[in-house]
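**Student:** Sequence:
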Amino acid sequence: RMVAAEPRFRLIELSRNFGHQIAITAGMEAAAGEAIIVMDADLQDPPEVVLDLVAKWKEGFEIVYARRTRREGESWFKRMSASLFYRVLEKMT
Numbered sequence: 002r003m004v005a006a007e008p009r010f011r012l013i014e015l016s017r018n019f020g021h022q023i024a025i026t027a028g029m030e031a032a033a034g035e036a037i038i039v040m041d042a043d044l045q046d047p048p049e050v051v052l053d054l055v056a057k058w059k060e061g062f063e064i065v066y067a068r069r070t071r072r073e074g075e076s077w078f079k080r081m082s083a084s085l086f087y088r089v090l091e092k093m094t
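In our numbering, the protein residues as written are 2 to 94.
Bear in mind the hints are in silico, worked out from the structure with no lab data behind them. Honestly, I wouldn't trust all of these hints.
Derived DSS-like pairs (lysine-lysine); straight-line CA-CA distance at most 30 angstroms [to be verified]:
1) K79 to K57
2) K92 to K59
3) K92 to K57
4) K92 to K79
Just need the whole structure built from these sequences, with the hints factored in.
**Tutor:** Pasting the structure below:
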């Protein structure tokens with residue numbers, strides 16, 4: 002329904018469940034436009050943050066990413082692996 006109502010939306014159907022990252026990659030490869038925004042649909046992250054990210058992009062940044070400042074309810078392992086991931090990402094960018 003959303004695809005029919007919004008011409009900028011495109012539906013991408015995969016032949017089977019390939020997993021989260023493959024689905025995101027397929028969407029990024031099919032995207033046509035100046036920017037790509039990736040956000041999980043589970044609302045674990047606040048959608049209103051997208052406006053702040055777009056504002057930074059409009060300032061001239063080529064890559065803009067966000068990370069949670071609080072990780073309540075997550076295991077020690079999840080918090081540590083997320084911390085390590087963002088440290089590596091920061092070094093790469």
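**Student:** Does K57 sit within 30 angstroms of K79, going by the straight-line distance between their CA atoms?
**Tutor:** 28 angstroms, holds
**Student:** Assess, step by step, whether the Cα of K92 is no farther than 30 angstroms from the Cα of K59, and give holds or violated.
**Tutor:** 23 angstroms, holds
**Student:** Would you check the hint for K92 and K79, treating anything up to 30 angstroms between C-alpha atoms as holding?
**Tutor:** The hint holds at about 20 angstroms.
**Student:** Holds or violated: are the alpha carbons of K92 and K57 at most 30 angstroms from each other?
**Tutor:** Distance of about 20 angstroms is within 30 angstroms: holds.
The structure shown violates none of the earlier numbered hints.
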